[in-house]
Amino acid sequence: MSTPHDVRFTLNGKAVQARVEPRELLIHTLRERLDHTGPHIGCETSHCGACTVDLDGRSVKSCTLLTVQCDGAAVVTVEGLEQGGVLHAIQQAFHEEHGLQCGYCTPGMITRAWRLLQENPNPSEDEIRAGLAGNLCRCTGYQNIVKAVQSAAGKLAAAAA
Amino acid sequence: MGEMSEIQKREAALQGLGTSLLRKEDARFIRGQGQYIDDIKLPGMLFGGIVRSPYAHARIKGIDKSKALAVPGVVAVLTADDLKPVKLHWMPTVGGDVQAVLADEKVCFQLQEVAMVLATDRYAAADGVAAVEVDYEELPALVDPKKAMLPDAPIIREDIKDKTEVGHGPRTHPNHIFTWEAGDKAAADAAFAGAAVTVREEILNPRVHPCPLETCGCVASFNKATGNLTLYVTTQIPHLLRTVLAMLSGIAESKIRVVGGDIGGGFGNKVPVYPGYVVATVASIVTGVPVKWIESRIDNLSTTGFARDYHGIGELAADADGRIKGLRFTALADHGAFNSHVSASKLPAGLFSICSGSYAIPNAYCRVDAVFTNKAPGGVAYRCSLRVTEAVYLIERMMDVLAQKIGVDKAEIRRRNFVKAEQFPYTTAFGWTLDSGNYHPALEKVLKAADYEGLRKEQAARRADPKSPTLMGIGIATFTEIVGAGPTKVCDILGIGLFDSCEIRVHPTGGVIARLGTMTQGQGHYTTYAQIIATELGLPASDIVVEEGDTDKAPYGAGTWGSRSTPVSGAATAVAARKIKDKAKKIAAHLLEVAEADLEWEIDRFKLKGDPSQFKTMKEICLVSHTGNLPPGMEQGLNAVAYYDPPNLTYPFGVYLCVVDVDRYTGEVKVRRFYALDDCGTRINPMIIEGQIHGGLTEAYAVAMGQQLPFDEQGNHLGNSLMDYFLPTSAETPKWETDHTVTPSPHHPIGAKGVAESPHVGGIPCFSNAVIDAFAHLGVTHMDMPHSAYRVWQQCKALGLTAR
Amino acid sequence: MQAAAGFVHAGWDFVRAAVGFAHRTLVSPPNLNRTHGQTGGDAAMIPPRFDYHAPRTLPEALALLGSLGADAKLLAGGHSLLPMMKMRFAEPAHLIDLSRIDALRGIREEGHTLVIGAMTIENDLIASPLLQARAPLLPEAARQIADPQVRNRGTIGGDIAHGDPANDHPAIALALDASFVVQGPKGSRDLSADGFFVGMYQTAMADDEILTQIRVPAFPAKTGWAYEKLKRKTGDWATAAAAVVLRLDAAGAVSHVRIALTNAAPTALRVKVAETLLLGKPLAPAQVDAAARAAMAACNPAADLRGDVEYKTAMAGEMVRRALAKAAARAQG
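Protein chains in written order, with the working numbering: chain A, 87 to 247; chain B, -15 to 788; chain C, 5 to 337.
Please keep in mind that the hints were generated in silico from the structure rather than gathered at the bench.
Each hint should be verified, as a subset may be incorrect.
For the chain A half of the interface with chain C, some residues (derived, Cβ under 8 Å), not all of them [claimed, not checked]:
| id | residue |
| --- | --- |
| 1 | Thr89 |
| 2 | Asp92 |
| 3 | Thr96 |
| 4 | Asn98 |
| 5 | Gly99 |
| 6 | Gln103 |
| 7 | Arg109 |
| 8 | Cys149 |
Every beta carbon over 12 Å from chain A, so not counted as near; a handful from chain B, in silico [as the list claims (entries may be wrong)]:
| id | residue |
| --- | --- |
| 9 | Tyr20 |
| 10 | Asp23 |
| 11 | Arg106 |
| 12 | Ala177 |
| 13 | Thr210 |
| 14 | Gly211 |
| 15 | Gly234 |
| 16 | Ile278 |
| 17 | Ile497 |
| 18 | His610 |
So the derived label-pair ranges between C-beta atoms look like this [stated by the list, open to error]:
| id | chain 1 | residue 1 | chain 2 | residue 2 | range |
| --- | --- | --- | --- | --- | --- |
| 19 | B | Lys239 | A | Arg105 | 38 to 48 Å |
| 20 | B | Asp105 | A | Arg144 | 27 to 37 Å |
| 21 | C | Gly256 | B | Ala444 | 50 to 60 Å |
| 22 | B | Val625 | A | Arg105 | 33 to 43 Å |
| 23 | A | Arg105 | C | Ser192 | 53 to 63 Å |
| 24 | A | Asp212 | B | Thr104 | 25 to 35 Å |
| 25 | A | Glu182 | B | Val625 | 31 to 41 Å |
| 26 | B | Pro670 | A | Arg105 | 31 to 41 Å |
| 27 | B | Thr104 | A | Arg94 | 46 to 56 Å |
| 28 | A | Asn206 | B | Gly2 | 45 to 55 Å |
| 29 | C | Asp198 | B | Asp48 | 26 to 36 Å |
| 30 | B | Pro135 | C | Asn304 | 56 to 66 Å |
All C-beta atoms in this analysis are idealised placements derived from N, C-alpha and C, irrespective of residue type, glycine included.
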């Protein structure tokens, strides 16, 4: 019972593989086998979003995914956003707008915000708040996170122009 | 703005006090490179999973480990019997009681710890936990604190049944913990007897939970060869925890190292010493390998330090104009099954006697009766400053109740009773000396900014329209709170005074490292303490490294809770920096061959009075202090350590105003506007302060509008996961407007007070006052929290407002 | 629901949902904290062991389902099933993942019928220009389900097939006069939504069938719609919700109306009595009132932390009023 599976996927652009039981959750594979401790665990009922990663271009809660479901997928975590030593605009914006305090929700929040701005490059405040409603934060009250997303949206638009 | 002068440029380069310096701690967090407890991986590490009781009150007839031990990967199963040989099946609490580490013969709250399964990985641990079989004999549960002291109440704490006291004075019943009083009852009673107006309300602060996003956990690592114990742990009190562990384990304190690394939020939840830490430590000692224990969210909500559960009665006596002559506040406190929450030995109900608030009340009395129930232990937690949230909720609610009784405007009643600016420092009827305050201008500032007059006019118009689908409420809170525990003559934990510390070392090249006894969990200490030092020493904050949390390195302190870091360690920082500055001045005088009295300090250097071309910068002195070119008899180096015993606590204050619109047909409450003015004295980093206000207001909103931990009559939890426990998302959270005044603390070296808990303490009554104000014209004087749609609708229905 | 004697109220939502899974796997209804205490503790986010299958075609999936029988559960979005398994309330020996079957995804139009693959995720319903134009009730409802991440995995088919009265799509489907195509070993059946939801966690599907398509008649011109959902917070199930579709004739009388309730009874509830009261008459306040009261009389909600029976019943009525008002405005606009 419980035949292990060989799972192959890309993690932040690099090919990785793992031999896992079907019951192994993606969050645990990422954190414990692949040493990417950016995504965090904050609950066990799929509410808090601290575990958010990007799977094939969509924000997902990695605590509610089996690693075996990810065979062939492209996974992005917060660790993959900095490229060539240069922070992504969303990371820089979180810093500049004081969009983090304890930092625990931050990897999931940034990974979600990063994808949100690709889905909607010029979101209104309400769209930002609705777009981040799957990520809980206990420290910031969200207001500066919203400012960070707005700031990043502006910088990305300017860079694209 | 124009060009900056040279002096302004030098000051700006320091990025010291008053600057919105971007945070030094961000760099790792935005890259996902924080080091939280569950990120730690040590060779040979075992994983511990705790088996917990499904019953709130039961005897343990037997524990069968055999199936669990047969699970592949399971190494051991520990129960109370395994802890008895080392006398660790019970442990002292920081509240003066004892608490079961693993349940010994009986369980006293649902999900109490019964056994720990040790396994090679967390999946095997989970399988092991599922396989442990415990035979329980259920007992009747005591859930209602009002029934705790009835003659036929079930006795919960058989272990202390015959003890006449549990650390805080005589007990009158096996379920009684303590009765604590403050003030002058006779004088208060006399004031009530002679008063023109009296008001009384029963006011509940429901049981809630701080719920930081990271749950509690630890990695315990005992080295059998050296006898050294290292505990990596989610703690707000690293040094106190080390001392407690030494007392518990018999291991010398010099061989124990506690490391609080990055912590994902504390809010008071990470102050207590939890059984999981102790069992993991024992497990590591027994097995000789590191043991990791990380709790689940449900366990966090169900078993770790909850907050509040104060069943209060508020009474005010006043003259016909609403000037308060007497105050009587009492509370029945449900502490759960063990008295585990932090409390100074003389102050088992914390700082509850701040309940006279911002008002000059001549006669006051308060009393708290604490009882055991079959629920998880706790009580003091959640950004509360030690029962201050409960106290401020009571007084700010009662001000509104009084205002309504005599028909005076809710802002005006406060004006009439405020301590006046010229009365500071003001000693309250309870004996707290409020260090500084200036309430009237703060109130006027907020009322003007929010157009209070216009709001009341709008409200009157709405009230006059019977068809209005919403009711409008305006809430005001003008709070004073008390933070910065505290003077050792009053404040201690297990006898250890609540001083704090800062040790500063300056490097030859001008860099600085400072270590403190506090413990950040997101408050930005690595940035704000650096700013204090930057201004004191004239060295740039960018070159000042701040460390906390490793008891091997940091000087002794009482940790971070109750907004005490700036008041106590911030003061220690300034004192230590000034010792260094004093020494530096002597070196400067020696280098310039002048007397010290001929020098004056300017931003980053000592200048010769009358000849500004003669100066020595602090940076130069850093290098010189490591050479032989020093005044005769002076030791090398520019280092200092200060242990600061504050002369008083600090008393930040604020004025908050909230406008709500209540949907009378669903009970939903929409926050239209929230204006928050805070005065925390000298403001070290305005950006960080604003962030703290946003966060505290959001937590206040959650408490006032939806949080609760309900139980059924058997003591079963009814809403102990994030399915039900209300944590607002970005979509639910209102927008916050912040403002400030600055009234420095006269006794603090840099005039600063704590601030991070004020928005929670002041926010909760502000929201509550707003909701109740929506119904005030219909005779409603109080509604208990949480003001969920369901509960508000019930009020609407009772008033006939829901009929279509 | 049929509460077992001594059944404790704790963690009602989980218990309720767990019973749904227990229905197939013969695990007796657990109490969240009792089972949690006995089996979970802190390691409570680790599922028990199972075997995993990811068929690439529907026949493969059917064959697996047939051979594994009651030991297997279908995995759609997984955001109902996996949380239950993590808490060990559901312990299937096999999971059959439907996500590799491309034929089960997609939204297209066949004549005047919108054909939605059962494995279509909620966010794709929201983003679909076809649905926005031809059956906008679906995107409106999907927007109110869960949160953005969950909507990237949760599927319309999973939401329907589970038969959970707290899920939103059953009431939506009733309001849309939708039908469901289910595939079994003996072939496919087309089942009307009306009559599909038989009881709590019980649908008209057989255990060896897989829901493959949701078929929705495209809205004729001047159709009004609304989904009014009262909830405590993002991600919560409805305290009460009402789905309304209606059309008015040239004289302003109601020519077509559907009213269906979420989480107000053991199944999604179409309130035909309320519909009958409205048909043929203009939508005046007295009519709206009568319809709302009829809905309240018909519903039978369970008390929980969201509210007692009185509140939930009143909210069902209130959501009907608001949905009717919004739908009427849209029908005329």
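Here's how the hints hold up against the structure:
{"no.": "1", "hint": "Thr89", "result": "6 Å, holds"}
{"no.": "2", "hint": "Asp92", "result": "12 Å, violated"}
{"no.": "3", "hint": "Thr96", "result": "18 Å, violated"}
{"no.": "4", "hint": "Asn98", "result": "19 Å, violated"}
{"no.": "5", "hint": "Gly99", "result": "21 Å, violated"}
{"no.": "6", "hint": "Gln103", "result": "17 Å, violated"}
{"no.": "7", "hint": "Arg109", "result": "4 Å, holds"}
{"no.": "8", "hint": "Cys149", "result": "7 Å, holds"}
{"no.": "9", "hint": "Tyr20", "result": "7 Å, violated"}
{"no.": "10", "hint": "Asp23", "result": "4 Å, violated"}
{"no.": "11", "hint": "Arg106", "result": "8 Å, violated"}
{"no.": "12", "hint": "Ala177", "result": "46 Å, holds"}
{"no.": "13", "hint": "Thr210", "result": "28 Å, holds"}
{"no.": "14", "hint": "Gly211", "result": "30 Å, holds"}
{"no.": "15", "hint": "Gly234", "result": "34 Å, holds"}
{"no.": "16", "hint": "Ile278", "result": "8 Å, violated"}
{"no.": "17", "hint": "Ile497", "result": "22 Å, holds"}
{"no.": "18", "hint": "His610", "result": "35 Å, holds"}
{"no.": "19", "hint": "Lys239/B with Arg105/A: 38 to 48 Å", "result": "41 Å, holds"}
{"no.": "20", "hint": "Asp105/B with Arg144/A: 27 to 37 Å", "result": "29 Å, holds"}
{"no.": "21", "hint": "Gly256/C with Ala444/B: 50 to 60 Å", "result": "38 Å, violated"}
{"no.": "22", "hint": "Val625/B with Arg105/A: 33 to 43 Å", "result": "53 Å, violated"}
{"no.": "23", "hint": "Arg105/A with Ser192/C: 53 to 63 Å", "result": "38 Å, violated"}
{"no.": "24", "hint": "Asp212/A with Thr104/B: 25 to 35 Å", "result": "48 Å, violated"}
{"no.": "25", "hint": "Glu182/A with Val625/B: 31 to 41 Å", "result": "35 Å, holds"}
{"no.": "26", "hint": "Pro670/B with Arg105/A: 31 to 41 Å", "result": "52 Å, violated"}
{"no.": "27", "hint": "Thr104/B with Arg94/A: 46 to 56 Å", "result": "26 Å, violated"}
{"no.": "28", "hint": "Asn206/A with Gly2/B: 45 to 55 Å", "result": "38 Å, violated"}
{"no.": "29", "hint": "Asp198/C with Asp48/B: 26 to 36 Å", "result": "52 Å, violated"}
{"no.": "30", "hint": "Pro135/B with Asn304/C: 56 to 66 Å", "result": "43 Å, violated"}
Checked against the numbered hints given earlier, this structure breaks hints 2, 3, 4, 5, 6, 9, 10, 11, 16, 21, 22, 23, 24, 26, 27, 28, 29 and 30; the rest are met.
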